[in-house]
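Residue numbers (numbering that gives the first Met the number 0): 0 to 644.
The hints are simulated quantities; they were obtained by calculation from the structure and are not laboratory data. Check before you lean on any hint, since a few could be wrong.
To be verified - As a list, the in silico DSS-like pairs of lysine-lysine whose alpha-carbon atoms are at most 25 angstroms apart:
id	residue 1	residue 2
1	Lys321	Lys550
2	Lys528	Lys452
3	Lys228	Lys169
4	Lys321	Lys528
5	Lys44	Lys162
Remember, predicted model here, so these are calculated numbers, not experimental data.
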Amino acid sequence: MVRSFGLAGMAAAFVCCGGQENLVRNPGFEETEPSGATVSWNERKPVYRFADGAGREGTRGLVFENSDPSFYSFPTQALDLQRGCCYAYEGWVRTEGLSGEESGATVCMEWYDGSRYLGGAYAEGVRGTSEGWQRVHGFTRMIPTNATRVSLAPYVRRGMTGKAWFDDLKVTRHVPPLVRAVSLSSYRHVAAEGPVSLHAVLALDESGVAPSEVTGLFSVESGDGRTVKRLAPTTLTARHAACTLDARTLPVGAYTVRFALTARDGKSCSSAQTRFSRVETLPKRRVFIDAHQRLIVEGQPFFPLGMYWSGIKENDLDLYAKSPFNCLMPYGSPTTNQMDACQARNLKVLYSIKDYYSGTRWAPASMKTEEDERAEIRRRVALHGRHPALIAWYINDELPLSMVDRLAARQSLMEELDPDHPTWVVLYQYNQVDAYLPTFDVIGTDPYPLPDKPVGTALQWTRDTRDLTFRTRAVWQVPQVFDWGAYRKGAAREKTRAPTLAEMRAMAWQCVAAGANGLVFYSFFDLFKMHERDPFERRWSDICAMGAEIKRYIPVLLSVEPLPQLACKGPAAVETRAWRMGQHLYLLAVNGDTVPADAEVTVEGGVSGLHAEFGQAPRILKGGRLAFRLDPLDPVMVRVTLGAR
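Hey, can you work out the whole structure from these sequences and the hints?
The following block contains the structure:
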C-alpha cells in the first residue's frame with residue numbers, strides 16, 4: 000500500500016528534498032575492512048578495483064580498466080529503500096580512451112523480485128576521454144511494492160574498453176511535482192470546435208498522496224489573466240485528471256489552460272499549465288496529425304511503415320524501394336541530394352535531429368551550448384523543412400526524464416520553426432510516457448524482447464504507450480526485427496537470435512491491435528551485421544513478407560468510418576481492434592500470451608457472415624457474438640459482414 004503523507008506532511012511532498020540523507024553506504028569508497036576490502040561494495044577484479052588517490056581531489060575511488068570487450072560485470076550495492084517511492088541518484092565519473100558502441104561510464108539503479116528483473120533507471124554515460132570529472136544523474140520511477148531488492152551500480156556499459164574512474168555516489172528520496180504537466184487532445188493545442196479533452200499528468204502515487212486528500216480544477220484563462228471558464232475533472236486518479244471542453248464556447252483567441260490541486264484545508268498545493276488556441280478554422284498544414292491520430296500528408300492519410308537506417312546509400316535505396324516499406328528513419332541526417340533520392344523513389348523520410356543536445360552522447364563535438372543546438376536546428380529546418388520527402392522530425396531517442404524541461408523547450412522550438420511537420424520521439428521508458436507529454440506530437444516505444452523476454456512485451460508496451468497518452472497522441476511503434484547479437488561479442492553474442500517470421504508478425508500486429516498508427520522497425524542496418532550466421536537475403540525475405548501483409552491492410556488501418564458498438568470478453572493477454580469499410584467490419588484479434596486463449600467479441604446489430612483474412616476464423620454464435628480460439632503468436636484478422644443472419 001502506498002504510504003500517505005496526510006495533510007500535515009503534504010507540503011513537504013511538493014518539492015524534491017535536496018537536503019535528504021544520502022542512502023548509499025560508503026559512497027566515496029573510503030571505508031575499508033581490516034582485511035582491506037571496501038565496506039559495502041564488492042570488487043570485480045581485475046577490471047574493477049578500489050584504489051587510493053583514484054577519486055576526486057585525490058581521495059579513494061573506483062577504477063575501471065578493461066581491454067576485453069566480452070567482460071561485463073560490475074560492483075553493486077543493495078540499498079535499504081522504501082518501496083512505493085521515487086529516488087534521485089547520481090555519481091561522478093572520469094574517462095580515458097573509453098570506446099565501444101555503448102554510452103560509456105555511468106550509474107544505474109535496478110529493482111528485482113527475487114531473481115526476476117522488474118525495471119531500472121539508467122543515466123546517460125560518459126565515453127571517450129572526458130574533460131575532468133563529470134556528474135551523471137537521473138531519477139527512478141516509483142519503486143514497485145513487490146521489489147525484494149533494489150541495487151545501485153557504478154559501471155561501464157557492455158562491450159566497452161578503456162579506463163574510467165568513479166566517486167561520490169548518492170541516492171536520495173525524490174518527490175516529483177504532484178502535477179507534472181497539462182496536455183490537450185487537439186493537435187498542437189489548437190482547435191476550431193469541440194470537444195477537446197483536457198488532461199493533467201499527476202504523481203500522487205509517487206508522492207504518497209491519496210486522491211481523496213486533494214481536489215482538482217481546470218481553468219481556462221485569457222491573455223490578460225482573467226479566468227473565463229472553470230471545469231471540474233470528471234476523472235481524478237493518482238496519475239491522471241481529465242475533463243472535456245467545448246471549444247466553441249470560447250471566443251477566438253489565445254488561452255492558458257491550468258490544472259491546480261488543492262489540499263482539503265483549501266491551500267493550493269501544485270499546478271501546471273499549457274497554452275491553447277481557439278481558431279475560426281484550423282490552419283492548413285502540409286503534414287499533420289488529424290483527430291483520429293492519423294498522419295495526413297498533402298491532404299491524404301498515410302500509415303508510416305518503415306525501418307531505421309544508419310546512413311543512406313543509393314544501392315540500398317534501390318533495394319528498399321522495391322519492398323513494402325514507404326518511409327525510413329536514417330540516423331545519419333540526410334543531405335538534400337539524399338532527400339531527393341528518397342523522394343524520387345516515393346519514399347518518405349523521418350528526419351533525425353535527435354542528437355542536437357549539447358553534453359549528450361551523440362552531440363557533435365562542436366555543439367557546446369544550447370544556443371549551438373538551436374542554431375543547428377534552425378539551419379536544418381531551413382534546409383529541409385519544405386522538402387516533399389519530409390514527413391516528421393525525429394527529436395528524441397530515449398533521453399532521460401531528467402531532461403524533460405529541455406525536451407519540452409525543443410518541442411516548442413520545432414512548433415515555432417516548422418508548423419507543417421509533426422515531431423516524433425521514441426522512448427524505452429514506456430511506463431513514464433505521460434511525464435514526457437509536453438515533448439512530442441507523436442510517440443513510440445521500442446520493445447526488443449527476443450530472445451530474453453516474451454513476445455507479448457510488444458503488446459504491453461504499446462498498451463502502456465496508448466494509455467499513458469490518454470489515447471490523444473499518434474503512436475508509431477518500433478518493433479524488433481534485429482538480432483541482439485549485432486551489439487554483443489563473444490559468448491553473449493552466441494546466446495542471441497533474430498525473431499522468426501512468426502514472432503515478427505505477432506509483434507507487429509500486437510502493436511497495431513493496441514493502437515499503433517505507424518510501425519518503424521529496428522533496424523535495416525543491423526541486418527547486415529549478422530550476415531555470416533543469418534544471411535541478409537533470408538532475413539530480408541522474411542521482413543518483406545511481414546511488411547507486405549501489413550501494407551495490404553493499410554487502407555483498412557486508415558479507415559475512420561463509424562464503428563458499431565463492440566464488446567470483448569477474454570483474458571488480459573487478448574487485444575482487439577476494429578475498422579469499418581462500408582458494410583464490412585475488419586476485426587483484428589491478437590494473443591500476447593504463450594498459451595492459447597479464448598475470447599468472445601459481440602458486434603452490435605449482428606453478424607451475417609465472415610471471411611478469415613488471416614489466422615483461424617472464429618465461430619459465429621447467436622446475438623452477433625464471435626468466439627475466437629487464439630493460438631500463441633498467431634494474429635487473426637476477419638472481415639465481418641454486418642447485419643443479422
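Here is how each hint holds up against the structure:
1. At most 25 angstroms may separate the alpha-carbon atoms for a hinted pair to count; Lys321 and Lys550 meet this at roughly 13 angstroms.
2. Proximity of Lys528 to Lys452 is assessed by CA-CA distance (about 22 angstroms); at most 25 angstroms being required, the pair is judged to hold.
3. Using a Cα cut-off of 25 angstroms, the hinted pair Lys228 and Lys169 is violated, with the two alpha carbons roughly 45 angstroms apart.
4. For a cut-off of 25 angstroms, the pair hint linking Lys321 to Lys528 stands: about 21 angstroms separates their Cα positions.
5. Using a Cα cut-off of 25 angstroms, the hinted pair Lys44 and Lys162 holds, with the two alpha carbons roughly 14 angstroms apart.
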